[in-house]
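Engineer: Here the protein sequences come in this chain order: A, B, C and D. So the number in the numbering used here is just where the residue sits in the first sequence, counting from 1, plus 52. So the number in the numbering used here is just where the residue sits in the second sequence, counting from 1, plus 395. So the number in the numbering used here is just where the residue sits in the third sequence, counting from 1, plus 144. So the number in the numbering used here is just where the residue sits in the fourth sequence, counting from 1, plus 1.
Please note that the accuracy of each hint is not assured.
Said to hold, decoys possible - Each pair of labels, with its calculated beta carbon distance range:
hint	chain 1	residue 1	chain 2	residue 2	range
1	B	GLY462	D	LEU16	32 to 42 Å
2	A	ARG170	C	ASP465	50 to 60 Å
3	A	ARG85	D	THR119	49 to 59 Å
4	A	LEU105	B	MET483	34 to 44 Å
5	C	MET244	B	ASN530	27 to 37 Å
6	B	MET483	C	ASN430	30 to 40 Å
7	B	LYS576	D	LEU121	47 to 57 Å
8	D	ILE108	A	GLY120	36 to 46 Å
9	B	MET483	C	PRO248	51 to 61 Å
10	B	GLU481	A	TRP168	48 to 58 Å
11	C	PRO441	B	GLU527	35 to 45 Å
No lab work stands behind these hints: they were computed from the structure. All values derive from a computational prediction rather than experimental measurement. Every residue, glycine too, gets a C-beta built ideally from N, C-alpha and C.
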Amino acid sequence: MSPVDSPVESKAYPGQSGQLPEHQVWRWFAFARRSLGMAGFVLNRVAGLGLVLYLLIHLVVLSQLTRGPQGWDAFITLARSPFFLTLDVILLAGIIGHGLNGLRVALIGNGLLVPWQRRLLVVLAVLGIVLWVIAAVLIYRG
Amino acid sequence: MWTITLKIARYKPGEARRIDTFQVSIDPERTILDAVEKVWAEQDRTLVFRHACHHASCGSCAMVVNGVEVLPCIKLIKSVTQPDGELMIEPLHNFPVIADLVADMGPFFERMLIVGMPIVGAADPLPKQEAEDFNRFDNCIECGACLSACPVVATDSGYLGPAALAAAYHQLSVSGDSLSKQAWDTLDGEHGLWRCHATFECSAVCPSNVDPAGKIMALRRRMTIERIRQMLGLGSRSK
Amino acid sequence: MKSSTSSYSAIVIGGGSTGAAVTHDLALRGFQVTLVERGEIASGTTGRNHCMLHSGGRYCVKDAEAGIECIEENTILRKIMPDCMELNGGLFVALDDSDMNYLPRLVQGCLACEIPHRQMTGDEARHLEPYLSPEVKAAVWVPDGVFEPMRMCMSFLATAKSNGAKVLPYHQVEELIMEGKRVTGVRVWDRIDNQRSDLRADIVVNASGAWAEEIAAMAGIDVPVVPTPGVMVSMTGRYTQHVINRCNQSSDGDIVVPQRETSIIGTSSWTVENPDYIDIPEEHVNKLLDRGSQMLPALKQVRPRGIFVVARPLIGKKGQDEREISRTFECFDHASDGVEGIVTISGGKTTTARAMAEKTVDQVCRKLSVTAPCTTRDTVLKSYRTYYTI
Amino acid sequence: MTHVMDTRNQNRAGLGWLGQAVSGVLLLILLGLHMIAHHFVVKGGLRDYQEVMSYIGNPVIAAIELIFLVVVSYHAMLGLRSVLLDLGLGKSQEKWVTRSVTALGIIMVVYGVWLMSTLLSRV
Numbered sequence: 053m054s055p056v057d058s059p060v061e062s063k064a065y066p067g068q069s070g071q072l073p074e075h076q077v078w079r080w081f082a083f084a085r086r087s088l089g090m091a092g093f094v095l096n097r098v099a100g101l102g103l104v105l106y107l108l109i110h111l112v113v114l115s116q117l118t119r120g121p122q123g124w125d126a127f128i129t130l131a132r133s134p135f136f137l138t139l140d141v142i143l144l145a146g147i148i149g150h151g152l153n154g155l156r157v158a159l160i161g162n163g164l165l166v167p168w169q170r171r172l173l174v175v176l177a178v179l180g181i182v183l184w185v186i187a188a189v190l191i192y193r194g
Numbered sequence: 396m397w398t399i400t401l402k403i404a405r406y407k408p409g410e411a412r413r414i415d416t417f418q419v420s421i422d423p424e425r426t427i428l429d430a431v432e433k434v435w436a437e438q439d440r441t442l443v444f445r446h447a448c449h450h451a452s453c454g455s456c457a458m459v460v461n462g463v464e465v466l467p468c469i470k471l472i473k474s475v476t477q478p479d480g481e482l483m484i485e486p487l488h489n490f491p492v493i494a495d496l497v498a499d500m501g502p503f504f505e506r507m508l509i510v511g512m513p514i515v516g517a518a519d520p521l522p523k524q525e526a527e528d529f530n531r532f533d534n535c536i537e538c539g540a541c542l543s544a545c546p547v548v549a550t551d552s553g554y555l556g557p558a559a560l561a562a563a564y565h566q567l568s569v570s571g572d573s574l575s576k577q578a579w580d581t582l583d584g585e586h587g588l589w590r591c592h593a594t595f596e597c598s599a600v601c602p603s604n605v606d607p608a609g610k611i612m613a614l615r616r617r618m619t620i621e622r623i624r625q626m627l628g629l630g631s632r633s634k
Numbered sequence: 145m146k147s148s149t150s151s152y153s154a155i156v157i158g159g160g161s162t163g164a165a166v167t168h169d170l171a172l173r174g175f176q177v178t179l180v181e182r183g184e185i186a187s188g189t190t191g192r193n194h195c196m197l198h199s200g201g202r203y204c205v206k207d208a209e210a211g212i213e214c215i216e217e218n219t220i221l222r223k224i225m226p227d228c229m230e231l232n233g234g235l236f237v238a239l240d241d242s243d244m245n246y247l248p249r250l251v252q253g254c255l256a257c258e259i260p261h262r263q264m265t266g267d268e269a270r271h272l273e274p275y276l277s278p279e280v281k282a283a284v285w286v287p288d289g290v291f292e293p294m295r296m297c298m299s300f301l302a303t304a305k306s307n308g309a310k311v312l313p314y315h316q317v318e319e320l321i322m323e324g325k326r327v328t329g330v331r332v333w334d335r336i337d338n339q340r341s342d343l344r345a346d347i348v349v350n351a352s353g354a355w356a357e358e359i360a361a362m363a364g365i366d367v368p369v370v371p372t373p374g375v376m377v378s379m380t381g382r383y384t385q386h387v388i389n390r391c392n393q394s395s396d397g398d399i400v401v402p403q404r405e406t407s408i409i410g411t412s413s414w415t416v417e418n419p420d421y422i423d424i425p426e427e428h429v430n431k432l433l434d435r436g437s438q439m440l441p442a443l444k445q446v447r448p449r450g451i452f453v454v455a456r457p458l459i460g461k462k463g464q465d466e467r468e469i470s471r472t473f474e475c476f477d478h479a480s481d482g483v484e485g486i487v488t489i490s491g492g493k494t495t496t497a498r499a500m501a502e503k504t505v506d507q508v509c510r511k512l513s514v515t516a517p518c519t520t521r522d523t524v525l526k527s528y529r530t531y532y533t534i
Numbered sequence: 002m003t004h005v006m007d008t009r010n011q012n013r014a015g016l017g018w019l020g021q022a023v024s025g026v027l028l029l030i031l032l033g034l035h036m037i038a039h040h041f042v043v044k045g046g047l048r049d050y051q052e053v054m055s056y057i058g059n060p061v062i063a064a065i066e067l068i069f070l071v072v073v074s075y076h077a078m079l080g081l082r083s084v085l086l087d088l089g090l091g092k093s094q095e096k097w098v099t100r101s102v103t104a105l106g107i108i109m110v111v112y113g114v115w116l117m118s119t120l121l122s123r124v
């Protein structure tokens, strides 16, 4: 978090209204002193973009299937290496985090469970970590 | 008496931003705003900041203290620091800065004007009180803290923002779901209530318990239910 | 030659309720007005006031003039600023024998000042306001109200701006520009960009309240203003809809004003030399809490949310008992001090700001032979929100 | 003139949001199935060519995978658009973003259908 923001100048005195500053994306990452909901938001953005990227790569990689067993099975051997399995575990963290936080936002965002939103967030965070650990163990065991 | 250090973000048009450090000797039972006013009164008359009522009613003094939006007029020194402690004081985020701690509130009030909620409405009768037509000021004191804390406002300068959305919910509840065309278009448009990402930062920093995020969600629920009803041909629930 | 509306220029010093109302009035009468204020609008005495729209009940016994001003202005403000007030009335409550003795005098005062009022028993009062102390023996209803001083100033100034006035906050007057024995303008220090500049005008109105003496001294004039601070405590929780007054002569802790979810107890009173920064005497706070909770015992159970202090600009001689000084206002034409081009308006209350402005601008118009009449009684003010957007 | 809450007042922003929520919930189920089928029930953790072919040979599975593709593309593109719109774009840029993500989504689905039909022709 930057200690001091660079201001958008407003020569305007009150009444000669300026515009709100734009594009301060870095503020999304200044969640150190913010609530858990802010961290959830940033996680959702980052994981979501990561997942879109993964989806595109995944679709391209699937084209290997058209090259028959030699193409695909070579890739699968590579994908079963510990390095790729670790990537899978990271991917899974993104999916679980994005999915459960998304579930929270979908519920809250339609006006359901709003009074319990903070508790819901904590419960889902714990649930997500548990699911992730179990899945990671399963992936590494093969 | 405590001696505390105030690090105040300074800015004058045409000059670079800097942080000035002031030592203030003050009773810890007094407020952050008192400390800032004391800096102005005793050390640096060039310091500008907004303030008026000193009891959380006017909403003009909102600032960012140690990274979080507060109303400094009701935050006691002893609640935010210790003897010899340090406070970092900045103007509201996400607003244009006129100078020092003075944010330009124009964009905020433009948003409030779109919705046009009256600042005075019906008061709930007190416990054991006969229901009479009492009125009262709304809880929202229009301080801008919610816009400063909102991650969507930070990147989308066209976003209607928490205060105006909460006002819209309030206004719809008392007006039988009617709003001006402009208000509807802004409210339900791409930069209206569907832009919110439910971080609840606005509700966390609101000094007046307005709970803008909760109201945005309630508004969405009503709009979604209404949409589904009308899609299913059940007719409108509103008047 | 007399003109109906003015083509003169004016500078108003001070962005409190008086300065804002004067600016509004001058703009309506055609003046080219510039308001200069060293801080934010309402950052002085006005902002930190009790938020009470007086009915006049508080003054009618001892100070009929102030009482009449209050009820007149109360009636007018309801009409011109209807969107910015809690209008739930007020109760004067009598708890002890001394209060009961005062009660008939209050009723007399209300009659004399034509303040609408209704006397009731303690039970009737508690029926209306259940949190009132069981000690309350009788009460008198009056048309008190609650308003927000900053939003009131913003309403006046939004309207003034739409009529062409210029508002310059963060501009501190450092000097009055003199040509011989005539004030022709002000030298201001723009605290936003640290520049100094001269503003010229045909007339300067000193509406700087508790600081009026300081400004007048720049022209070598003495104005008898006594900065008289009062402490107020805003408590968590709203326990009444009405403003609750103690049915007795004004003293510390005898008003509780409900606003939003809070109750504001006021006020104490003493005098200071420098009103810029005032320390809060702890014994004042304790006294307010003690006296306030006599009327509303529930206040004992809750914590203060904000404690604040500010100096009223009372007109009087130094050393005079501050509770004895009239709460009315006075407009000084300094021609009588041998200095032209400047008038000072001081004293008064935020409730009477419009009347103060009317009287002041009448005086200005007489000096400049402008015949435009005052129309602020019937001019409904613009939304305070437009102050920032006009 | 005031307007009352009515879908005629509503524009597509709300529909998009609802679509994102509904597709998200669907994805929790579909992606869960997908992950289990491809990671947790197969020996070695991932399907080789033969296993893939026999898996999608089941028409129900093939249909589910295609539905999954449509839903995930919709959700991904709407999400991408949402992130971009959060950055505060002008009206014309917004239109451009909407068109781009729509095109990309259609390409993804068409590509997936082509891939699936190519593979199915070999079963």
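Engineer: None of the hints should be skipped; say for each whether it holds.
Structural biologist: To see whether the hints hold, each was checked on the structure:
no. : hint                                : result
1   : GLY462(B) <-> LEU16(D): 32 to 42 Å  : holds, 37 Å
2   : ARG170(A) <-> ASP465(C): 50 to 60 Å : holds, 56 Å
3   : ARG85(A) <-> THR119(D): 49 to 59 Å  : holds, 53 Å
4   : LEU105(A) <-> MET483(B): 34 to 44 Å : holds, 37 Å
5   : MET244(C) <-> ASN530(B): 27 to 37 Å : holds, 31 Å
6   : MET483(B) <-> ASN430(C): 30 to 40 Å : holds, 33 Å
7   : LYS576(B) <-> LEU121(D): 47 to 57 Å : holds, 52 Å
8   : ILE108(D) <-> GLY120(A): 36 to 46 Å : violated, 24 Å
9   : MET483(B) <-> PRO248(C): 51 to 61 Å : holds, 59 Å
10  : GLU481(B) <-> TRP168(A): 48 to 58 Å : violated, 37 Å
11  : PRO441(C) <-> GLU527(B): 35 to 45 Å : violated, 22 Å
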